[in-house]
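> Based on the hints, put chain B in the right spot on chain A.
Number of protein chains: 2
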Amino acid sequence: MTILFPSLAKRDSVTNRGHSNSELFTLTYGALVTQLCKDYENDEEVNKQLDKMGYNIGVRLIEDFLARSSVGRCHDFRETADVIAKVAFKMYLGITPSVTNWSPAGDEFSLILESNPLVDFVELPDNHSNLVYSSLLCGVLRGALEMVQMAVDVRFAQDTLRGDNVTEIRMKFIKRIEENLPAGDE
Amino acid sequence: MTILFPSLAKRDSVTNRGHSNSELFTLTYGALVTQLCKDYENDEEVNKQLDKMGYNIGVRLIEDFLARSSVGRCHDFRETADVIAKVAFKMYLGITPSVTNWSPAGDEFSLILESNPLVDFVELPDNHSNLVYSSLLCGVLRGALEMVQMAVDVRFAQDTLRGDNVTEIRMKFIKRIEENLPAGDE
Chain A
196 MTILFPSLAK
206 RDSVTNRGHS
216 NSELFTLTYG
226 ALVTQLCKDY
236 ENDEEVNKQL
246 DKMGYNIGVR
256 LIEDFLARSS
266 VGRCHDFRET
276 ADVIAKVAFK
286 MYLGITPSVT
296 NWSPAGDEFS
306 LILESNPLVD
316 FVELPDNHSN
326 LVYSSLLCGV
336 LRGALEMVQM
346 AVDVRFAQDT
356 LRGDNVTEIR
366 MKFIKRIEEN
376 LPAGDE
Chain B
196 MTILFPSLAK
206 RDSVTNRGHS
216 NSELFTLTYG
226 ALVTQLCKDY
236 ENDEEVNKQL
246 DKMGYNIGVR
256 LIEDFLARSS
266 VGRCHDFRET
276 ADVIAKVAFK
286 MYLGITPSVT
296 NWSPAGDEFS
306 LILESNPLVD
316 FVELPDNHSN
326 LVYSSLLCGV
336 LRGALEMVQM
346 AVDVRFAQDT
356 LRGDNVTEIR
366 MKFIKRIEEN
376 LPAGDE
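Going down the list, the protein sequences come from chains A and B.
For the first sequence, my numbering assigns the number 196 to the initial residue and increments by one for each residue that follows.
For the second sequence, my numbering assigns the number 196 to the initial residue and increments by one for each residue that follows.
No wet-lab data here; the hints were simulated from the structure.
Just so it is clear, CB atoms sit at the ideal spot from N, CA and C, and this is done for glycine as well.
Heads up, some of the hints might be wrong.
Here are the computed lysine-lysine pairs in the DSSO-like style, where the Cα-Cα straight-line distance is at most 30 Å [unchecked claim]: (1) B/K233 to A/K247; (2) B/K247 to A/K247; (3) B/K285 to A/K281; (4) A/K247 to B/K243; (5) A/K285 to A/K367; (6) B/K281 to B/K233.
Restraint ranges, calculated between C-beta atoms of paired labels, are given here [unchecked claim]: (7) A/V343 to B/W297: 46 to 54 Å; (8) B/I372 to A/K370: 57 to 65 Å; (9) A/L261 to B/R268: 40 to 48 Å; (10) B/D271 to A/E239: 48 to 56 Å; (11) B/E373 to A/N237: 42 to 50 Å.
Stretch by stretch, here's where chain A covers chain B in the computed footprint (C-beta under 8 Å, at least three residues) [unchecked claim]: (12) 230-239; (13) 252-262.
Excised from the complex, chain A in its bound form (with noise of 0.2 Å):
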């Protein structure tokens, strides 16, 4: 399994990432994966819990969103896809994804990471084909909105690790829920 733990063998991009304390993150996230590969059968397990502890941080850190970044209500799911990528990701994660791939009835999108933080330094090896390493964000994405009253969907569509050129984030709006559901882990 330490393989899959995060190397040195990639560090020229330290350089390019603005959060100074994101190789501890990065290194403590590899950590939990690897613990969670240890723990678990198979991959598709693995990715389920990550999403499962992402949509715990998820509707955590969203009052912490709030609070800080001063964002109202949004209108439509075009401008939570903006504020997702344009607040969101820089606050947390230091980086801005693009938003793209719009579906005709407006209610999917995609955000493309050029580069993806949690990777650094991490090569997936080969036993783990099917593992998604970075499904936390899924999670902490589904979470989070879901205590705004929104469901959606969240997935890779693409993975640099699994030999993608780029990241993608896809998002698909369910329904927007009535009712205030009590925050509380799954």
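Structure of chain B alone, referenced to chain A:
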């Protein structure tokens, strides 16, 4: 276990921090500790695992640290203490602990953390009274220093999570490592 997970109960402290992505890091670290508490029988074993993970992180983080800090070789343990407190903690956690409580022989000191970013929002449940929540930090310090030929003992002497007024990390110099050991997992 969910109560262990950082809650938003104490979110006043959010505004005091300089590193904008630290909430995500704090919550992700909380997910890691929570997972380990599920995986291991007792707190002592969790502490040990966190320390071990930290060690593996430290042996990797040191190269990033040396590259970005431009810090050269320290001439004595006092200089090492200053670099850890003023450069390393500042860089990765956004805080500057004070260096104090030197032993007469000059081989032991304490880092006093007025606030610990890892424990924002965290409250330890009663059934985890032996959990040293931030043990990862001890391992990081131990691993990083080992890579620059210093064997040290690192432990928490005080912890705000356990009711102390400050968090105190005690560091003891053991020996200078003569050989260049290859970096590797413990």
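> Taking 42 to 50 Å as the stated bounds, is the beta-carbon spacing between B/E373 and A/N237 within them?
45 Å, holds
> Hey, B/K233 versus A/K247, does the alpha-carbon distance stay inside 30 Å?
Holds, at roughly 15 Å.
> For the pair A/V343 and B/W297, does the Cβ-Cβ distance stay inside 46 to 54 Å?
51 Å, holds
> Does the hinted range 40 to 48 Å hold for A/L261 and B/R268 at CB?
47 Å, holds
> Sort out whether A/K367 lies within 30 Å of A/K285, counting only the CA atoms.
Since the Cα atoms of A/K285 and A/K367 sit roughly 21 Å apart, the hinted pair holds (cutoff 30 Å).
> Below or equal to 30 Å on CA atoms is what counts here, so check B/K281 against B/K233.
Judged against 30 Å, a Cα distance of about 35 Å means the pair is violated.
> Could you check the hint for me, namely that B/I372 and A/K370 are 57 to 65 Å apart, CB to CB?
With Cβ atoms ~60 Å apart, the hint holds.
> Verify the coverage statement for the region 230-239 of chain B against chain A, using a C-beta to C-beta distance below 8 Å and requiring 3 or more qualifying residues.
holds (count 3)
> Compare the distance between the alpha carbons of A/K247 and B/K243 with 30 Å, and conclude whether the hinted pair is satisfied.
Status holds; Cα separation ~25 Å.
> Examine the region 252-262 of chain B: at least three residues should have C-beta closer than 8 Å to a C-beta of chain A.
The restraint on the region 252-262 of chain B holds, since 6 of its residues have a Cβ under 8 Å from chain A and three suffice.
> Assuming the hint says 48 to 56 Å, is it satisfied by the Cβ distance from B/D271 to A/E239 or not?
52 Å, holds
> Compare the distance between the alpha carbons of B/K285 and A/K281 with 30 Å, and conclude whether the hinted pair is satisfied.
26 Å, holds
Checked against the numbered hints above, the structure breaks only hint 6 and satisfies the rest.
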